[in-house]
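**Student:** Residues per chain are reported as follows:
Number of protein chains: 2
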Amino acid sequence: MKPIKVGLLGLGTVGTGVVRIVEGHQEDLQNQAGSSIVIEKVLVQNKTKARAISVPQEKLTEDPWDIIRNPEIDVVVEVMGGIGNTRDYILEALSLGKHVVTANKDLMALHGPEILAKAREHGCDVLYEASVAGGIPILRTLVEGFSSDRITKIMGIVNGTTNYILTKMSQEGASYGDVLKEAQALGYAESDPTSDVEGLDAARKMTILATLGFRTHVSLDTVSTQGISSVTKEDILYAKRLGYELKLLGIAERQDDSISISVQPTMVKSTHPIASVNGVFNAVYVYGEAVGETMFYGAGAGELPTATSIVADLVAVVKNIKLGVGGKKNALTYNETRQKTDEEISSKYFLLLHVADRAGVLAQITQVFAAFEVSLQSVLQQPNPNNPEAEIIIITHDANKAAVAKVLETFHKLDVVHTVKSVYRVEG
Amino acid sequence: MKPIKVGLLGLGTVGTGVVRIVEGHQEDLQNQAGSSIVIEKVLVQNKTKARAISVPQEKLTEDPWDIIRNPEIDVVVEVMGGIGNTRDYILEALSLGKHVVTANKDLMALHGPEILAKAREHGCDVLYEASVAGGIPILRTLVEGFSSDRITKIMGIVNGTTNYILTKMSQEGASYGDVLKEAQALGYAESDPTSDVEGLDAARKMTILATLGFRTHVSLDTVSTQGISSVTKEDILYAKRLGYELKLLGIAERQDDSISISVQPTMVKSTHPIASVNGVFNAVYVYGEAVGETMFYGAGAGELPTATSIVADLVAVVKNIKLGVGGKKNALTYNETRQKTDEEISSKYFLLLHVADRAGVLAQITQVFAAFEVSLQSVLQQPNPNNPEAEIIIITHDANKAAVAKVLETFHKLDVVHTVKSVYRVEG
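Order-wise, the sequence lines are chains A and B.
1 is the number of the first residue of the first sequence in the UniProt record's numbering; add one for each residue after it.
1 is the number of the first residue of the second sequence in the UniProt record's numbering; add one for each residue after it.
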């Protein structure tokens, strides 16, 4: 069997990992895939730059079309990131009959349907396991492991940077700003951390998870997204005191034909399996009607974990090529669904209010909840240690998002409510 | 596309779940698999018995050959258990070109190579995801998700009964005997619990996990197996006090070409992800050289979780039939490995000794460890509350199994050592 030739777009951290695994595990890969796998060409920005691994000079190119339009190349592995040119390269590669493996969550979240349609048209595989939760094989689990089940909920800690920050804040009582600076110094957070800390990265990954888990088309712009930049150490302290951990959770829910997807800091009951996922680790919790609760845990990023997923996809593509079934097994999205309205999205909420410390205030506040039919699970009133006012901590029973918004709107107009300090979704 | 016809061997708990999912999710399955899936015949012991689900009388049969030799049937799903007749049925079905999905861990652990060879010979698929850890898709994760990696360690809580018993003992300070009785009353343990509590069930599952994870032939009789029937509530109390949970762990390790597999009650550091897997839940922890730490969590048994895995296998088989690649994708075991000797098996150990309470005893005991080059991580001596003797609690550094056995042998001969109360492997 002739070797399968791979063109690698990008030789950064993950690209380096792909080269290391393909070369280091060559014999194993050949046993698995039934063919040897050769990295034929590698796109780099600068051929003369010093690198962590040695790649023969004649394999390096600065021209992407050397790979995309190279008739020798069977599979394009894209680890360069970006969505502008990258999209063009991938569409062109597919239209020339090349299979594609990509780690590009932005591209798949924004242009997944277009890319998969092009792949179908030309009989090509497109696999993208590494785009979500690095080394955790969660996409094939959703597509194949749970093909028999109806998944109704997916909750993910899918951004290592924010989980690192929240874990540090929780374990050390540190402030958001201090931990962010430390994370930047350690290379866990970028100098412009917006995409991570504002939940945008997680929203893209949740779009991909929900698309595959619910087998439906999900548009990124329907994902309601809130980051962690306004989380305080006091919030985390309150959460712990009540038996919760504060986590940036992506939550995708499905009920019959309606779905909702959101990303937000969420208080998770500390006995829930996802509550103890700490540091840069990722985890995806999946609830299926038949299988019940499951969770998948591992490294969400990093050179070798991410490359593990890419090369596993590459093995799958090579097997399909050998069996002559390339492009026949791409995941399908056949369910017609609609986005839930805020009236249909239901969860528990935590609220921390600063209120006037005088008779009748609690009654006034609880009447607002009652007026919008939000029932309360627990209420705690105590003096605010810093001001001559009272603190009220409330956890609601399941309530719909629209009703909670109305409660908050009413609070903003009430004199006795000085500040709505925090509002968090509650899970578990 | 003509419907794919399934013969179901067995209509107990899991068989009932298979019928429920195939019927309840028919439209979804058709979308996934590209064909409708019909349960054509069901083997039962007694056609007239009342059942939890209604299956048309003409589909029931009491004769297995009605299914095995039925030319209409494309796939045999085996959920009857046992290894004698069942093996004959499956071998015959394969030799007649029928694909097989089975939940039978005993059969696959004991006769896996023979069955897979027969499948290869006749171009048939054999899938058995449900045989290990019920609803957790761990076998396809090992085979496909980590095809690119070299797995060096697999640790599993793969028996729900024993995990339920140990969790109850830990949470309620109850004795083994009392919790076992309760588990039997609740149906979590069988009236003869030997296979579960003595670790035999877990050993079979570890054989399958190690075969697929290490891609080598593993023989069940090389699995060193110890159950939980002699675990005391005091052991669990000591474990907790030192920051550990006591779990029945299957541990499979690989170093280059040597492997070792064992099942034993193990003290797991409470910060390790597998330490917080409680009750009847299962989890499999997988360490790969590239991917690092991962863990997969979910229901290990039960009607619908187990049936989820079986029907997911069925969908995979149907896809393969449609693509004409049946039998081309069975997992391979090409690595030549040998069993590690006791000198090569290394781990930490916990020991609880009752010793004479007089000067020089601790020195005598620590000299024994030193003589066999076992170094100690921590030593605690305290009075035994029940007898005029001392208790010594030791945790070793990594030590080889042979050396620890020699230490214990020496203790049995020493007058000052009254009793070696407990010896446990330590992880994490």
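Source of the hints: derived by calculation from the structure; they are not laboratory data.
Keep in mind that the hints are not guaranteed to be accurate.
A pair counts as met if it fits within one copy or between any two copies, since identical chains are not told apart.
When the alpha-carbon atoms are kept at most 20 Å apart in a straight line, the in silico SDA-like pairs for lysine to any residue are as follows [unchecked claim]:
| # | residue 1 | residue 2 |
| --- | --- | --- |
| 1 | Lys329 | Val143 |
| 2 | Lys5 | Asn384 |
| 3 | Lys328 | Asp28 |
| 4 | Lys413 | Arg51 |
| 5 | Lys118 | Ala356 |
| 6 | Lys168 | Asp221 |
| 7 | Lys153 | Asp28 |
| 8 | Lys240 | Ser276 |
| 9 | Lys322 | Tyr334 |
| 10 | Lys328 | Asn31 |
| 11 | Lys181 | Pro193 |
| 12 | Lys47 | Lys340 |
| 13 | Lys328 | Gln30 |
| 14 | Lys329 | Ser36 |
| 15 | Lys322 | Leu332 |
**Student:** The structure should be examined with respect to each hint, and the outcome stated for every one.
**Tutor:** Hints and how they fare:
no.	hint	in the structure
1	Lys329 to Val143	both (10 Å within a copy, 17 Å between copies)
2	Lys5 to Asn384	neither (66 Å within a copy, 69 Å between copies)
3	Lys328 to Asp28	between (25 Å within a copy, 18 Å between copies)
4	Lys413 to Arg51	neither (60 Å within a copy, 61 Å between copies)
5	Lys118 to Ala356	neither (61 Å within a copy, 78 Å between copies)
6	Lys168 to Asp221	neither (31 Å within a copy, 46 Å between copies)
7	Lys153 to Asp28	between (36 Å within a copy, 17 Å between copies)
8	Lys240 to Ser276	both (12 Å within a copy, 18 Å between copies)
9	Lys322 to Tyr334	between (28 Å within a copy, 19 Å between copies)
10	Lys328 to Asn31	between (23 Å within a copy, 14 Å between copies)
11	Lys181 to Pro193	within (10 Å within a copy, 55 Å between copies)
12	Lys47 to Lys340	neither (50 Å within a copy, 47 Å between copies)
13	Lys328 to Gln30	between (22 Å within a copy, 15 Å between copies)
14	Lys329 to Ser36	between (22 Å within a copy, 17 Å between copies)
15	Lys322 to Leu332	between (22 Å within a copy, 16 Å between copies)
Going down the numbered hints, you'll see the structure goes against 2, 4, 5, 6, 12, while the others check out.
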